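Chemist: If you want the building blocks of each chain, they are given just below.
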Amino acid sequence: MSNNEHPAKPVVKEESFGYDRKTIDYIRNAAAHGMYEIRGMGAKRQLPNFDDLVFLGASLSRYPLEGYREKCSTKTVLGTRFAKKPIELDIPITIAGMSFGSLSANVKEALGRAATSVGTSTTTGDGGMTQEERQSSKTLVYQCLPSRYGFNPDDVRRADAIEMVIGQGAKPGGGGMLLGQKVSPRVAKMRTLPAGIDQRSACRHPDWTGPDDLAIKIHEMRELTDWEKPIYVKVGATRTFNDVKLAVHSGADVVVVDGMQGGTAATQTCFIEHVGIPTLAAVRQAVDALEDLNMKGKVQLIVSGGIRTGPDVAKALAMGADAVSIGQGVLIALGCNHDSYYQNGAHHDATADYAALGTAPGYCHHCHTGKCPVGITTQDAVLEQRLTPEVGARHLKNYLKTLNMELTTIARACGKQNVHHLEREDLVALTLEAAAMARVPLAGTSWIPGVSGF
Amino acid sequence: MERMSFDLAQVPLREVNSFLHQEAPAKGVRQVAVTNPDGAHNIAVGLDCPVEVEVHGHAGYYAGGMNKTGTVTIFGSAGTGVAENMMSGRVHVKGFASNGAGASMHGGLLVIDGDAGLRCGISLKGGDIVVGGSVGSFSAFMAQAGRMVICGDAGDALGDSLYEAVLYVRGNIKSLGADAQIEPMSEADYATVKELLDAAGMQHDPHDFKRVASARSLYHWNADADQEY
Numbered sequence: 001m002s003n004n005e006h007p008a009k010p011v012v013k014e015e016s017f018g019y020d021r022k023t024i025d026y027i028r029n030a031a032a033h034g035m036y037e038i039r040g041m042g043a044k045r046q047l048p049n050f051d052d053l054v055f056l057g058a059s060l061s062r063y064p065l066e067g068y069r070e071k072c073s074t075k076t077v078l079g080t081r082f083a084k085k086p087i088e089l090d091i092p093i094t095i096a097g098m099s100f101g102s103l104s105a106n107v108k109e110a111l112g113r114a115a116t117s118v119g120t121s122t123t124t125g126d127g128g129m130t131q132e133e134r135q136s137s138k139t140l141v142y143q144c145l146p147s148r149y150g151f152n153p154d155d156v157r158r159a160d161a162i163e164m165v166i167g168q169g170a171k172p173g174g175g176g177m178l179l180g181q182k183v184s185p186r187v188a189k190m191r192t193l194p195a196g197i198d199q200r201s202a203c204r205h206p207d208w209t210g211p212d213d214l215a216i217k218i219h220e221m222r223e224l225t226d227w228e229k230p231i232y233v234k235v236g237a238t239r240t241f242n243d244v245k246l247a248v249h250s251g252a253d254v255v256v257v258d259g260m261q262g263g264t265a266a267t268q269t270c271f272i273e274h275v276g277i278p279t280l281a282a283v284r285q286a287v288d289a290l291e292d293l294n295m296k297g298k299v300q301l302i303v304s305g306g307i308r309t310g311p312d313v314a315k316a317l318a319m320g321a322d323a324v325s326i327g328q329g330v331l332i333a334l335g336c337n338h339d340s341y342y343q344n345g346a347h348h349d350a351t352a353d354y355a356a357l358g359t360a361p362g363y364c365h366h367c368h369t370g371k372c373p374v375g376i377t378t379q380d381a382v383l384e385q386r387l388t389p390e391v392g393a394r395h396l397k398n399y400l401k402t403l404n405m406e407l408t409t410i411a412r413a414c415g416k417q418n419v420h421h422l423e424r425e426d427l428v429a430l431t432l433e434a435a436a437m438a439r440v441p442l443a444g445t446s447w448i449p450g451v452s453g454f
Numbered sequence: 001m002e003r004m005s006f007d008l009a010q011v012p013l014r015e016v017n018s019f020l021h022q023e024a025p026a027k028g029v030r031q032v033a034v035t036n037p038d039g040a041h042n043i044a045v046g047l048d049c050p051v052e053v054e055v056h057g058h059a060g061y062y063a064g065g066m067n068k069t070g071t072v073t074i075f076g077s078a079g080t081g082v083a084e085n086m087m088s089g090r091v092h093v094k095g096f097a098s099n100g101a102g103a104s105m106h107g108g109l110l111v112i113d114g115d116a117g118l119r120c121g122i123s124l125k126g127g128d129i130v131v132g133g134s135v136g137s138f139s140a141f142m143a144q145a146g147r148m149v150i151c152g153d154a155g156d157a158l159g160d161s162l163y164e165a166v167l168y169v170r171g172n173i174k175s176l177g178a179d180a181q182i183e184p185m186s187e188a189d190y191a192t193v194k195e196l197l198d199a200a201g202m203q204h205d206p207h208d209f210k211r212v213a214s215a216r217s218l219y220h221w222n223a224d225a226d227q228e229y
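Those protein sequences? They're chains A and B, same order as listed.
When we follow the working numbering, the leftmost residue of the first sequence carries the number 1, and every step to the right adds one.
When we follow the working numbering, the leftmost residue of the second sequence carries the number 1, and every step to the right adds one.
Please note that a few of the clues may not be correct.
Unchecked claim - With a straight-line cut-off of 20 Å between C-alpha atoms, the simulated EDC-like cross-links for lysine to aspartate or glutamate are:
{"#": "1", "chain 1": "A", "residue 1": "Lys296", "chain 2": "A", "residue 2": "Glu406"}
{"#": "2", "chain 1": "B", "residue 1": "Lys68", "chain 2": "B", "residue 2": "Asp38"}
{"#": "3", "chain 1": "A", "residue 1": "Lys85", "chain 2": "A", "residue 2": "Asp226"}
{"#": "4", "chain 1": "A", "residue 1": "Lys71", "chain 2": "A", "residue 2": "Glu423"}
{"#": "5", "chain 1": "A", "residue 1": "Lys22", "chain 2": "A", "residue 2": "Glu37"}
{"#": "6", "chain 1": "B", "residue 1": "Lys68", "chain 2": "A", "residue 2": "Asp155"}
{"#": "7", "chain 1": "A", "residue 1": "Lys189", "chain 2": "B", "residue 2": "Glu164"}
{"#": "8", "chain 1": "A", "residue 1": "Lys71", "chain 2": "A", "residue 2": "Asp288"}
{"#": "9", "chain 1": "B", "residue 1": "Lys68", "chain 2": "A", "residue 2": "Asp154"}
{"#": "10", "chain 1": "B", "residue 1": "Lys68", "chain 2": "B", "residue 2": "Glu52"}
{"#": "11", "chain 1": "A", "residue 1": "Lys85", "chain 2": "B", "residue 2": "Glu52"}
{"#": "12", "chain 1": "B", "residue 1": "Lys194", "chain 2": "B", "residue 2": "Asp113"}
{"#": "13", "chain 1": "A", "residue 1": "Lys84", "chain 2": "A", "residue 2": "Glu291"}
{"#": "14", "chain 1": "A", "residue 1": "Lys371", "chain 2": "A", "residue 2": "Asp155"}
{"#": "15", "chain 1": "B", "residue 1": "Lys27", "chain 2": "A", "residue 2": "Asp226"}
{"#": "16", "chain 1": "A", "residue 1": "Lys84", "chain 2": "A", "residue 2": "Asp155"}
{"#": "17", "chain 1": "B", "residue 1": "Lys94", "chain 2": "B", "residue 2": "Glu164"}
{"#": "18", "chain 1": "A", "residue 1": "Lys298", "chain 2": "A", "residue 2": "Asp288"}
{"#": "19", "chain 1": "A", "residue 1": "Lys397", "chain 2": "A", "residue 2": "Glu132"}
{"#": "20", "chain 1": "A", "residue 1": "Lys84", "chain 2": "B", "residue 2": "Glu15"}
{"#": "21", "chain 1": "B", "residue 1": "Lys68", "chain 2": "A", "residue 2": "Glu423"}
Unchecked claim - Below, a sample of chain B positions facing chain A; criterion: calculated Cβ distance under 8 Å:
{"#": "22", "residue": "Glu84"}
{"#": "23", "residue": "Ser88"}
{"#": "24", "residue": "Glu164"}
Treat the hints as calculated values from the structure; they're not laboratory data.
All figures in this text were calculated on a predicted structure; none of them were measured in a lab.
The C-beta atom is built at its ideal place from N, Cα and C for all residues, glycine as well.
Bound-form chain B, shown alone:
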């Protein structure tokens, strides 16, 4: 039993997720297709084995959430919090992603072919996010570690209160958030962008990207800092 298919119009989501958590690793199932997702929330959350899940249609909130070593491909768009808190593995959204894509990810690779909504990569703690289109405002808010490649534009307050995460943006940045700054690209940065674009299957010239990182001026309380909002 190498490959399984579930029709969410017929089978409750709970059975599908339970299968992915228990039977899939026990029986060595490597590929699972989910049809008729119809925007269902929480598809393939908590994967804990190297199974490949294909979602044929649009997914609701938290698709592929907390993934560990699995691969989730969504042939459609994804709702809020796709791949939130992913530890490792890969989640690929062929369409667009809503708010909080890759929120609090610790590892793995999230690829979004289209645009992502507000707060993409918020609280990022590791891993990589590659967005083929643009990202909404407050993306990478308080992002602590990891890397983001944005092939389109970024909205307001990009990288507000950044810690050690690094962002690469090809298009326009509407505004930078507090403590985020544009820095010169090094050879290592170009290599990183190329590596991530290759991993995502996207083709752009790394030299078109800008680097955004933390100025680290908010790392310690400072009474003399301006309180501007």
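Chain A extracted, bound-state conformation:
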């Protein structure tokens, strides 16, 4: 039989699973630049998340509340353990810490205005507190970070709560970065750095090294403020069960747990995608830790990292969080990744500016460049005019109100007069992974992997 009897078919283009085009691009970029990729936002890979859970609404075995007529409280109190003046919020949805430097002063002001109008808190970030955010925020949480850039006892005294930042979900174990194009003269002055340098923040605090030291550090903040202000401790989600226990041991009033979907303004991609655990898994561990110490309800838990929607908020609360914190969703509400911006009464197309960064609306993670096409993550005098505090605050207020209405809709459907009455028993999981991580039964079964037998 000759070879000609079975002529070769055209070779099908077969992409390698291991060496797909994304991996090939990665290797070629590494070879070309000798430098890892730095980018903004959070983990992009597919992860088990709150979408993998659903609520068991009321039916015959439970009694629902009437949609808009019956009361459903969203009031949230944080910092009841030691602080003389706990934080009282109208909704359990707060604005996550994002620095002036990563964000423009206009954006910081917009966050403050929107948060104040819906009765919630904003948070400073690496680089200190700006006048804009203090004036616009009724309730402002002041972060104490490893870098201590701009950290000032007057601002501690002006703050409503202090957040000791140990880490964040996008980069647990890593410090911040602010590349030179965003280290403007004002940012540089606040951080005591030369303008234009590629700034690296420390990953460890300069004056304490472990949980026993942290207890003394927190005590210092309490003495400094005459025990008035709640002290939060924020950890990036990794060994969350142990870390939350140690945060409680250190004297935290509130523990903030930030999962790996949490955003950043600039970090190595390898860090964002490969260090930390998903928020869903972290919430479960954090609540376990509080229950193990009999501290549930005494130390409050704030969960962040990929909270986008009202159902996300409701599920986090049902799993045991007292509040959530949102960063990326807030930026998207302001116009992040939108194809246009609104300036001088008209919409202007921004797609060419996205293209100049090598990206497009919906895909952009170029916060680190400072060239945000919609004027959010920038220090550029022209770009920052693309988002005014008025327009930003209006959109953000709408977003927060929507989340809160969705939250109460779900709570009412589950028969709760208070969103904090949502409980794990109201949830089931759609996937095995989510069932195991969240430790709720797979829908339609009583099976919780790792807890109950088949």
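Place chain B on chain A using the hints.
Modeler: Just chain B, lined up with the frame of chain A:
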């Protein structure tokens, strides 16, 4: 009521600090003595008026932390983070200081008559530190601004990842950290050292000091830089 005294064996620290924050400025109290500190942490943190606090004995962590315009003198040794994040004023340790002395200071003068432990002047953002003895390893790590005078020796990795802070060392430097370099002393440097020694009440010849500052080669990402650790 010009002068007050608190016995920490009798009075809770919280009352002492609250007095220093509220009554001291309101009533014009200028001098406060603290006895029997017994290593208590957080003595005289957050001073916000020109009060003079004397601590008669050893202090624990963060003594004089975040000081603004106050004067704290410790007649003994100080624990970790003495005068951390000080904004202005003066903190003087008559004995030795532990780790992280003057960490993240923004201003003021920290004087340590004896030795200081690891990471003295870490993240320094301004102000001056004068150490009569030696400093431990990783001192002035990532120090951004301000000045340090070290009359004794320095441990490993002095001035690692320095920004614009300047260090003056009289004794031996076990090793310099990444991007730190020894530079020639100028007349202005000699004058600075003399000024700081005078302010600290120490007597040495400024000509015995070396200047350490940043080579500024880490200010921008550089793919060709060696990754040596």
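Chemist: With reference to the structure, classify each hint as holding or not holding.
Modeler: Here is what the structure says about each hint:
As the CA atoms of A:Lys296 and A:Glu406 are separated by approximately 25 Å, the hinted pair breaks the 20 Å bound. The hinted pair formed by B:Lys68 and B:Asp38 fails the criterion: a straight-line CA distance of about 24 Å is larger than 20 Å. Restraint check for A:Lys85 and A:Asp226: satisfied, since their Cα atoms lie roughly 11 Å apart, inside the 20 Å limit. Taking the CA atoms of A:Lys71 and A:Glu423, the gap is near 18 Å; set against the 20 Å cutoff, the hint holds.
This hinted pair checks out: A:Lys22 and A:Glu37 have alpha carbons roughly 13 Å apart, not beyond 20 Å. Restraint check: the Cα-Cα separation between B:Lys68 and A:Asp155 comes to about 13 Å, which is no more than 20 Å; the hinted pair holds. The suggested pairing of A:Lys189 with B:Glu164 holds, with an alpha-carbon distance near 13 Å, which does not exceed 20 Å. Only pairs whose Cα atoms come within 20 Å are accepted, and A:Lys71 paired with A:Asp288 is rejected, the gap being roughly 30 Å.
Distance check on the hinted pair: B:Lys68 and A:Asp154 sit about 9 Å apart at the alpha-carbon level, within 20 Å; holds. Using a Cα cut-off of 20 Å, the hinted pair B:Lys68 and B:Glu52 holds, with the two alpha carbons roughly 12 Å apart. Between A:Lys85 and B:Glu52 the alpha-carbon distance is near 30 Å, which puts this suggested pair outside the 20 Å criterion. Taking the CA atoms of B:Lys194 and B:Asp113, the gap is about 16 Å. The hint holds against a cut of 20 Å.
Distance check on the hinted pair: A:Lys84 and A:Glu291 sit about 24 Å apart at the alpha-carbon level, beyond 20 Å; violated. Straight-line distance between C-alpha atoms of A:Lys371 and A:Asp155 comes to about 30 Å, which puts the hinted pair past the 20 Å bound. Distance hint between B:Lys27 and A:Asp226 is fulfilled; the C-alpha atoms sit about 18 Å from each other, no more than 20 Å. For the given pair, A:Lys84 sits about 18 Å from A:Asp155 by alpha-carbon distance, which is consistent with the 20 Å threshold.
Distance check on the hinted pair: B:Lys94 and B:Glu164 sit about 28 Å apart at the alpha-carbon level, beyond 20 Å; violated. Taking the CA atoms of A:Lys298 and A:Asp288, the gap is about 14 Å. The hint holds against a cut of 20 Å. Annotation: proposed proximity of A:Lys397 to A:Glu132 holds, straight-line Cα distance about 18 Å (limit 20 Å). Pair hint A:Lys84 plus B:Glu15 holds up; C-alpha atoms about 15 Å apart against a cutoff of 20 Å.
For the proposed pair B:Lys68 and A:Glu423, the alpha carbon gap of about 48 Å is over 20 Å, so the pair is violated. Given hint, B:Glu84 at the interface with chain A, holds; its Cβ is 5 Å from that chain's nearest Cβ, closer than 8 Å. Because the closest C-beta pair between B:Ser88 and chain A is about 10 Å apart, greater than 8 Å, the hint is violated. With 8 Å as the threshold, the beta carbon of B:Glu164 comes within range of chain A, its nearest partner Cβ sitting at about 6 Å, so the hint holds.
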